[in-house]
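Undergrad: Residue numbers (this note's numbering), protein chains in the order written: chain A, 833 to 1137; chain B, 136 to 408.
For the record, the hints were derived by calculation from the structure and aren't laboratory data. Don't take each hint at face value.
Claimed, not checked - With a straight-line Cα cutoff of 30 Å, these simulated DSS-like cross-link-like pairs (lysine-lysine) come out:
(1) B/384 to B/295
(2) B/295 to B/258
(3) A/1120 to A/1078
(4) A/878 to B/307
(5) B/384 to A/878
(6) B/294 to A/1126
(7) A/877 to A/950
(8) B/349 to B/258
(9) A/878 to A/948
(10) B/332 to B/188
(11) B/384 to A/877
(12) A/877 to B/307
(13) A/950 to B/384
(14) B/188 to B/294
(15) B/188 to B/295
(16) B/307 to B/295
(17) A/1032 to A/1118
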Amino acid sequence: MFNGFSRSVRGASHEARDLVCQDSSAHKVTEYYAVAVVADGHGSKKHFRSNVGSRFAVESTVETIDRFYQDPEEFEKSFPERHKAVIKNIEKQIITTWNAKVTEHITANPVTPEEKSKFTDEEFAAINVESYYGTTLIAAVAGRGFCFGLMIGDGNLVAVFDDGEAVLPMEYDESAPANVTASMCNANAASMFNSFYRDKKKVLAMFTSTDGLYTSFGSDYDFLDFHTIIASNLVKAEAMEASVYKNLEKRSHFGTEDDISLSCVFDVEGVAENNELLLKKVAENKEKAAKRRKELLTTGLKTED
Amino acid sequence: MNKENMNDAKQALDDTQLDNLLDFDDDDPLGATGVSRKSLVIFFLIDTSGSMKGTKMGELNTVMEELIPEIRRVGEADTDVKVAVLTFSTDVRWMYSAPISIEDFEWARLRADGVTSMGAAFKELSVRMSRNSFLNSPSLSFAPVIFLMTDGYPSDDYKKGLAALQANSWYKFGLKAALGIGQEANDDMLAEFTGSKDTVVHAYSGEQLANMIKIIAVTASQIGSKSMTLSDETNHELSEEDVSAAKQKLLGQQIQELVGQNGTDDVPFDSGW
Chain A
833 MFNGFSRSVR GASHEARDLV CQDSSAHKVT EYYAVAVVAD GHGSKKHFRS
883 NVGSRFAVES TVETIDRFYQ DPEEFEKSFP ERHKAVIKNI EKQIITTWNA
933 KVTEHITANP VTPEEKSKFT DEEFAAINVE SYYGTTLIAA VAGRGFCFGL
983 MIGDGNLVAV FDDGEAVLPM EYDESAPANV TASMCNANAA SMFNSFYRDK
1033 KKVLAMFTST DGLYTSFGSD YDFLDFHTII ASNLVKAEAM EASVYKNLEK
1083 RSHFGTEDDI SLSCVFDVEG VAENNELLLK KVAENKEKAA KRRKELLTTG
1133 LKTED
Chain B
136 MNKENMNDAK QALDDTQLDN LLDFDDDDPL GATGVSRKSL VIFFLIDTSG
186 SMKGTKMGEL NTVMEELIPE IRRVGEADTD VKVAVLTFST DVRWMYSAPI
236 SIEDFEWARL RADGVTSMGA AFKELSVRMS RNSFLNSPSL SFAPVIFLMT
286 DGYPSDDYKK GLAALQANSW YKFGLKAALG IGQEANDDML AEFTGSKDTV
336 VHAYSGEQLA NMIKIIAVTA SQIGSKSMTL SDETNHELSE EDVSAAKQKL
386 LGQQIQELVG QNGTDDVPFD SGW
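Isolated chain A, as found in the complex:
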């Protein structure tokens, strides 16, 4: 049986300037699968409807996964063998659904004079309609016997498997220029996704988050340890949800002050059966963190005049 939760909180820098939260998040749990999805609207000048765009991105993803699971037993049977092609197809369908929502929205809500007033006529003419709604997207799907994920743009997907390890199955790509983020609004968006598929190890919990969460940590270790702590407490799901929400509020105010979204889905029996292992991992991670700190402060060149 799957369960899950999701939440978006507005960052302090956006509150201070009375800007809307540009993140969106959602999750859906069924008997056969659970999906956790978040999206981070770009927020810069030409993406002036990115809060709407991020909402459309999470809606499009949930609807698309739902369509692919229309015949769940058939999907479970055929997907493992054809996962690469199916995931590519899912990515294309998400983009198509998102584009349809954008078209419908702009038709019903044409650009207002106020929105247009921020640009010269020449500048405005150069912006594609899809760019108004520009957003990233990160989705994780836990199925029965496999899991997969896909993302476009920045953000993170963390999976906790039944060996107790929290991992980032899709790595950060440094080759992307520092200020260019792949986006749902790109003309070739369907070809810009990263994805992964696993069926060898059993997934206990999957998390997707926008970059506001990641940037509130001092290291990748701390970021992954945070997810292991959550996984080790999912046996008390309601209390854990409250703790996560409080923590996200704290991070959005005392970290990098960005909007933060976190969505989580988990295997209820899996986290219960492996709870002892997860708690042991949390204790090990704590010891390793103390050792790393000690090494950092004692190694390196020390010379005397």
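Position chain B relative to chain A; hints supplied.
TA: Relative to the frame of chain A, chain B by itself:
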């Protein structure tokens, strides 16, 4: 904090709610997980060649020890300032194996010896300024500050090292400043490193050296840790190129203003110190 308030991300938190967020709760499994503030790395590139021996190195060690508390004050508001020190003489060496938070940083006194392998230092810096190396902290929010101090001309092919550095995006967006110590330091070469003459200054005496290091390091840290990405008139984010150019220009202006106010008459390095 009650659930209704948490559900409304649009509602600004009042003081009581902020207090509640900061309350440490033993029963909260995530209560002890640290929240990192925005972080900034300051790189000091320091010439420790033989010509720095004596007063220059003694003054530099003293002023760097004094500088640490001043940089701590820059960061205490909302930025975690980290420091990385690369020394170059015949070899290039890092003082610590990674950038250290200013709260934990202790200056290890340097000694001078050997030749000036500045090109090798530039090359080493370009390797370490990467998400896979010294700039791997998720909370890194600002382009780095890079501060070069030297008293002479490089003894190796600095242009080759500088070319490697100039290809690094962190260097391109970083705030660069340089301090020439004594008569032998070449301002034109230092301007090649910073990209502008405004961000190059010269110290000819112990007192000037102390003043210049403090002016540059503190001003660059203040400007480097300034959030400019949400500051334009349309309430939308500026591009990284715009922020970088604006900060570099501001640094040049402020350094020149402050340097103009700090003229001294004490004895120059090159006349007997």
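Undergrad: Indicate, hint by hint, whether the structure satisfies it.
TA: The hints, checked one at a time:
1. B/384 to B/295: holds, 26 Å
2. B/295 to B/258: holds, 8 Å
3. A/1120 to A/1078: holds, 26 Å
4. A/878 to B/307: Holds, because 25 Å separates the two Cα atoms, which is no more than 30 Å.
5. B/384 to A/878: Holds, because 26 Å separates the two Cα atoms, which is no more than 30 Å.
6. B/294 to A/1126: Judged against 30 Å, a Cα distance of about 38 Å means the pair is violated.
7. A/877 to A/950: holds, 8 Å
8. B/349 to B/258: Status holds; Cα separation ~26 Å.
9. A/878 to A/948: holds, 10 Å
10. B/332 to B/188: holds, 27 Å
11. B/384 to A/877: holds, 23 Å
12. A/877 to B/307: holds, 23 Å
13. A/950 to B/384: Satisfied, since the Cα-Cα distance of roughly 26 Å is no more than 30 Å.
14. B/188 to B/294: holds, 25 Å
15. B/188 to B/295: holds, 27 Å
16. B/307 to B/295: Between residue 307 of chain B and residue 295 of chain B the Cα gap is close to 16 Å, so the pair holds against 30 Å.
17. A/1032 to A/1118: holds, 28 Å
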